[in-house]
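Engineer: In the order they appear, the protein sequences are chains Z and A.
Everything in the first sequence is counted per my numbering, starting at 76 for the first residue and increasing by one.
Everything in the second sequence is counted per my numbering, starting at 140 for the first residue and increasing by one.
Just so you know, the hints here were simulated from the structure itself, not pulled from any lab data.
Any given hint could turn out to be false.
[What the hints assert, rightly or not] Below, a list of computed lysine to aspartate or glutamate pairs in the EDC-like style, where the Cα atoms sit at most 16 Å apart:
| hint | chain 1 | residue 1 | chain 2 | residue 2 |
| --- | --- | --- | --- | --- |
| 1 | Z | Lys-243 | Z | Glu-308 |
| 2 | Z | Lys-116 | Z | Glu-154 |
| 3 | Z | Lys-352 | Z | Glu-129 |
| 4 | A | Lys-189 | Z | Glu-475 |
| 5 | Z | Lys-88 | Z | Glu-144 |
| 6 | Z | Lys-480 | Z | Asp-432 |
| 7 | Z | Lys-112 | Z | Glu-210 |
| 8 | Z | Lys-256 | Z | Glu-324 |
| 9 | A | Lys-362 | A | Glu-154 |
| 10 | Z | Lys-440 | Z | Glu-350 |
| 11 | Z | Lys-410 | Z | Glu-129 |
| 12 | A | Lys-189 | Z | Asp-462 |
| 13 | Z | Lys-480 | A | Glu-228 |
| 14 | A | Lys-247 | Z | Glu-475 |
| 15 | A | Lys-189 | Z | Glu-464 |
[As the list claims (entries may be wrong)] Covered stretches of chain A (in silico footprint by chain Z; criterion: 3 or more residues with CB under 8 Å from a CB of chain Z, positions within the stretch not fixed):
| hint | stretch |
| --- | --- |
| 16 | 178-191 |
| 17 | 203-214 |
| 18 | 218-226 |
[As the list claims (entries may be wrong)] Calculated Cβ distances over 10 Å to all of chain A for the following chain Z residues:
| hint | residue |
| --- | --- |
| 19 | Asn-241 |
| 20 | Ala-330 |
| 21 | Glu-475 |
Note that beta-carbon positions come from the ideal geometry of N, C-alpha and C, so glycine has one too.
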Amino acid sequence: MTLKNYFDSENYKTNFELTRATLPGQDVTWLSALREKSISKFAQMGLPGPKVEEWKYSNLNVLNSTSYETTNENCDSDEQTDKLLDQANIENINGSKVVFVDGYYSDKLSNIRSHNGVSLISLRELLKTNPGNAEKFFKTTPDENSLRNLNVAFMTDGFVLDIDDNVKLAEPIQVVHISTKSSDTKALRQNNYIRIGARASTQIIESFIGPDHINSWSHNVSKVVVEEKASLEVYQFQLEGDETIHMNECVVETATDAHFRHYSLNVGGKLSRTEVKPTLSGRHGQVELRGAFLGRNGNSHDVFTHMKHMVPQCNSDQIYRGVLDRGGKSAFQGKVLVAKDAQLTNADQSNKNLLLDRNAEANSKPELLIYADDVKCSHGATVGELDQEALFYMKSRGLETSAAKALMVEAFVAEVYQEIELGPVKEKYLSVARQWLEGKD
Amino acid sequence: MLEIKNLHVDVDGKEILKGLNLNIGPGEVHAIMGPNGAGKSTLAYAICGKEGYEITKGSVTFKGKDFLELEANERAGEGVFLGFQYPVEIPGVSNVNFLRAALNSIRKYRGEDEIAAVEFLKLIRAKAAELKMDPEMLKRAVNVGFSGGEKKRNEMIQMAMLDPIFSVLDETDSGLDIDALRIVADGINRMRGDSRSILVITHYQRLLDYVVPDFVHVLSDGKIVKSGDKSLAIRLEKDGYASVGIDESAA
Ligand SMILES: Nc1ncnc2c1ncn2[C@@H]1O[C@H](COP(=O)(O)OP(=O)(O)OP(=O)(O)O)[C@@H](O)[C@H]1O
Ligand SMILES: [Mg+2]
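Please model the complete structure; the sequences and the hints are all you need to start from.
Structural biologist: Below is the structure:
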């Protein structure tokens, strides 16, 4: 029996029985117990169907048609991984680099630089060396989120970043998640934990990349804590192949005077789901979410945000843009909660979508739950086409139709990334978007 | 240079141009005047190839080529420029990038190499100075937030950069202050030459004091109903369209 509107997926329970002995940390008691509880809870709940409000635009039936067993460790880096690493590369970024191949940390491809007050380690390594320390990152009781339970039950690795108070990292940390051909019909599940100590700051660039024609399911859950007066910027690039399922959930908690910024760009996959869920739990917290999703030929992009204002005087601002060409589909669901005590909240949200073809679909669903009375909240959602007058204006100046469209769409997407101060990252976003526009995503 | 014969144009199924004839030779400046709604902008769009302007009859020939076969951007490549009555805003696309893309696209059409970045910047600075335009405006998005007069001046810098051999200027003079009118008129006059032609669409004689036309035509109800020299414009300004036999209410 599953929850109402959820569907059964027995295969994962079976998978678990078959693979539990090979999962990392199988000798760590608390973890084994947690995995056990998580898979039972998942089996009880099931997978969310299209009648579940949060999943109404994504068809998760695909998760039942393939078994998606857990990936095996793929030790050898080869030409393929080198090429993918190269594609994900961002020029002139020289900080620590953490590389995962098929869901496992690759010591060979990574380069972790030691830095005073910064601890950066793979979850698997931590489970080996100090399992007690890893325990505090996990709830002992299973979750109310069925997919998160599935993630915990099968997780193979992840990264744990802990930055001490007052430490300001000058160089961004890069995290690259590669899925190779060996991950076909398999699932890559990682669980990450990030804590930025009081008054500390850092930037994380996270890329997800893989080849076309690989039916893998890359599933990441990250928990983030940004302490008092700390600052964290996350820049995500989702560049996976055309058959991949991508799920990435980022749950964030910000303290007093903390600043959290999250950027994303989705260009790959048959189904991508980006979830960002910040809880503002200290006064004067500030959260900015920015993202774009570009889809065509069977790409379906879902962005789901849940902004929770729990205390007074915080600001949040969301800007998301979608570009959908023939055969592309998207959904933006933006929930904003302003709790009863969260007076003087400013919460803005905007989602604009551009349809380049009749056979393209964009859905937009803002949802505001406001229980405080002295707040400023705004939201706007549009779905439109390219301005024909502007198109003719540009053509009359000599530009070919395709070039004129590309200039306009590029400008539409570029607005999302205009405030980025890290030049190479901004340039990477624009160049990925440009490549997509030229049809070579 | 441009030969228009018996041109009939439908917009949304409604006939707007109803058999228009116009011949513009090299080196000539023609002016078209006429009541609101007569079809002046429609003519400009039809010459430049705007979609939705359906040519049901007649021909447009440019330097011996059948122009109606060409897309709007190809017509630009052939050397035609349209100064818009209402210039369009393009959010997020800077004037500089737009002009560079346009110029290179025209060069490509002509089988020429792209312009070098340094040369381009030099050129655009020189043209901005000629039109007394603040170079900062060039960094802004095309026409976004520009005042009416600034938009018209922006059309002029585009014309100067693209260096057309035939320009249609649709009410480029309206909305300009007195000084700007002079600057724009000087800009138009710089475009004159033995092998270049200009078609000026205007409501006011004032521009024609600066840009003296070789021919003036009156367009009414989709046709050229009267042609003459610059004195025709003076007469119209003084006595109105009724003096040349046009009933305003019928236009
Ligand atoms: N999409 C359309 N559907 C129907 N009628 C149209 C359409 N577009 C233009 N027209 C009509 O065509 C006629 C000619 O318009 P046009 O813009 O060419 O006039 P004009 O001579 O340039 O006028 P003005 O001096 O006011 O600029 C007008 O009556 C206008 O209402
Ligand atoms: Mg007009």
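Engineer: The structure should be examined with respect to each hint, and the outcome stated for every one.
Structural biologist: Results of checking the hints against the structure:
1. In summary, the hint linking Lys-243/Z to Glu-308/Z is supported, as the alpha carbons are separated by about 12 Å, within the 16 Å threshold.
2. Among the hinted pairs, Lys-116/Z with Glu-154/Z is inconsistent with the structure: their alpha-carbon atoms are about 41 Å apart, more than 16 Å.
3. Under the criterion of a C-alpha separation no larger than 16 Å, the hint pairing Lys-352/Z with Glu-129/Z is consistent with the structure, at around 13 Å.
4. Note on Lys-189/A and Glu-475/Z: the hinted pairing holds, with a Cα-Cα distance of about 13 Å set against a maximum of 16 Å.
5. Restraint check for Lys-88/Z and Glu-144/Z: satisfied, since their Cα atoms lie roughly 11 Å apart, inside the 16 Å limit.
6. Between the alpha carbons of Lys-480/Z and Asp-432/Z the distance comes to roughly 12 Å, so the proposed pair stays at or under 16 Å and holds.
7. Proposed proximity of Lys-112/Z and Glu-210/Z is supported: the alpha carbons are some 15 Å apart, at most 16 Å.
8. With a C-alpha separation of about 24 Å, the suggested pairing of Lys-256/Z with Glu-324/Z is violated against the 16 Å cut-off.
9. Restraint check for Lys-362/A and Glu-154/A: the C-alpha separation of about 11 Å stays at or below 16 Å, so the hint holds.
10. Between the alpha carbons of Lys-440/Z and Glu-350/Z the distance comes to roughly 14 Å, so the proposed pair stays at or under 16 Å and holds.
11. Between Lys-410/Z and Glu-129/Z the alpha-carbon distance is near 10 Å, which keeps this suggested pair within the 16 Å criterion.
12. Distance check on the hinted pair: Lys-189/A and Asp-462/Z sit about 14 Å apart at the alpha-carbon level, within 16 Å; holds.
13. Only pairs whose Cα atoms come within 16 Å are accepted, and Lys-480/Z paired with Glu-228/A is accepted, the gap being roughly 14 Å.
14. At roughly 11 Å between alpha-carbon atoms, Lys-247/A and Glu-475/Z fall within 16 Å of each other, so this suggested pair holds.
15. Between Lys-189/A and Glu-464/Z the alpha-carbon distance is near 9 Å, which keeps this suggested pair within the 16 Å criterion.
16. With a cut-off of 8 Å between beta carbons, the stretch 178-191 of chain A has 4 residues touching chain Z; three or more are needed, and the interface restraint holds.
17. With 4 residues having a beta carbon nearer than 8 Å to a beta carbon of chain Z, the stretch 203-214 of chain A meets the requirement of three or more and the stated coverage holds.
18. Only residues whose beta carbon comes within less than 8 Å of a beta carbon in chain Z count, and the stretch 218-226 of chain A has 4; three or more means the coverage holds.
19. The claim that Asn-241/Z lies off the interface holds: its Cβ sits roughly 39 Å from the closest Cβ of chain A, which is beyond the 10 Å cut-off.
20. Chain A leaves Ala-330/Z outside its interface by the beta-carbon criterion, the shortest separation being 36 Å against a cut-off of 10 Å.
21. Separation of Glu-475/Z from chain A is inadequate, the least Cβ-Cβ distance of about 5 Å not exceeding the 10 Å criterion.
Checked against the numbered hints above, the structure breaks hints 2, 8, 21 and satisfies the rest.
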